[in-house]
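There are 2 protein chains.
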Amino acid sequence: MVVDVHHLEKKFKFKNFRQALDLTNQIGERAEAEGHHPDIYLAWGKVELKIWTHKIDGLSESDFIFAAKVDQLPTPDTK
Amino acid sequence: MVVDVHHLEKKFKFKNFRQALDLTNQIGERAEAEGHHPDIYLAWGKVELKIWTHKIDGLSESDFIFAAKVDQLPTPDTK
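Chains as they are written, first to last, in numbering that gives the first Met the number 0: chain S, 0 to 78; chain D, 0 to 78.
Calculated from the structure, these hints are not laboratory results.
Quick reminder that beta carbons are idealized off the backbone N, C-alpha and C, glycines included.
Among the hints, a few may not be true.
Claimed, not checked - Label-pair ranges, simulated between beta-carbon atoms:
| # | chain 1 | residue 1 | chain 2 | residue 2 | range |
| --- | --- | --- | --- | --- | --- |
| 1 | S | 15 | D | 68 | 35 to 41 angstroms |
| 2 | D | 5 | S | 34 | 32 to 38 angstroms |
| 3 | D | 32 | S | 55 | 22 to 28 angstroms |
| 4 | S | 68 | D | 60 | 41 to 47 angstroms |
| 5 | D | 68 | S | 31 | 33 to 39 angstroms |
| 6 | S | 52 | D | 10 | 31 to 37 angstroms |
| 7 | S | 28 | D | 45 | 27 to 33 angstroms |
| 8 | S | 44 | D | 71 | 34 to 40 angstroms |
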């Protein structure tokens, strides 16, 4: 089976800007640590991620690994 | 004269992710201080802002004030 998907998306909602900024920083630090950087859309009360491998303009194993690590972050609304 | 513009845009380019994240935090802190929050698109080597007033779904004086304050930030590439 081939699944033609260009990127992974994750969306988070919050009750304020601060929590969204905090998550952006958590994701940003993780991205630096992993050397794998998502695109991050930050607005009041929300963070949206797009994760893909720029070099191949598509998905690789490291995208799924990074997405799994983001899932493990203690997001502000679940603390 | 009427100018029909929905939002202000500002784009910044950097040589890495860290500088883009740093500017995102500078803008985020300023947004919290002003109570005026732009949409921020953060990716490796770039930050893009969209500034408008959600309540009127268009531009107000405070958008121009916020944009001017962003211009005054010591962005990482000009430090």
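Could you tell me whether the CB distance from residue 68/D to residue 31/S stays inside 33 to 39 angstroms? violated (27 angstroms)
Could you tell me whether the CB distance from residue 32/D to residue 55/S stays inside 22 to 28 angstroms? Violated, at about 41 angstroms.
Could one say that the CB atoms of residue 15/S and residue 68/D fall in the range 35 to 41 angstroms? violated (20 angstroms)
May I ask you to test the hint 32 to 38 angstroms on the CB atoms belonging to residue 5/D and residue 34/S? holds (37 angstroms)
Falls inside 34 to 40 angstroms, the C-beta gap from residue 44/S to residue 71/D? For residue 71/D against residue 44/S, whose Cβ atoms are near 26 angstroms apart, the range 34 to 40 angstroms is violated.
Within 41 to 47 angstroms: is that where the Cβ-Cβ distance between residue 68/S and residue 60/D falls? holds (43 angstroms)
For the pair residue 52/S and residue 10/D, does the Cβ-Cβ distance stay inside 31 to 37 angstroms? violated (24 angstroms)
Given the range 27 to 33 angstroms, decide if the beta-carbon distance of residue 28/S to residue 45/D lies inside it. Violated, since residue 28/S and residue 45/D (Cβ atoms, about 18 angstroms apart) do not stay within the stated range.
Taken one by one, the earlier hints fail for this structure at numbers 1, 3, 5, 6, 7, 8, listed in ascending order.
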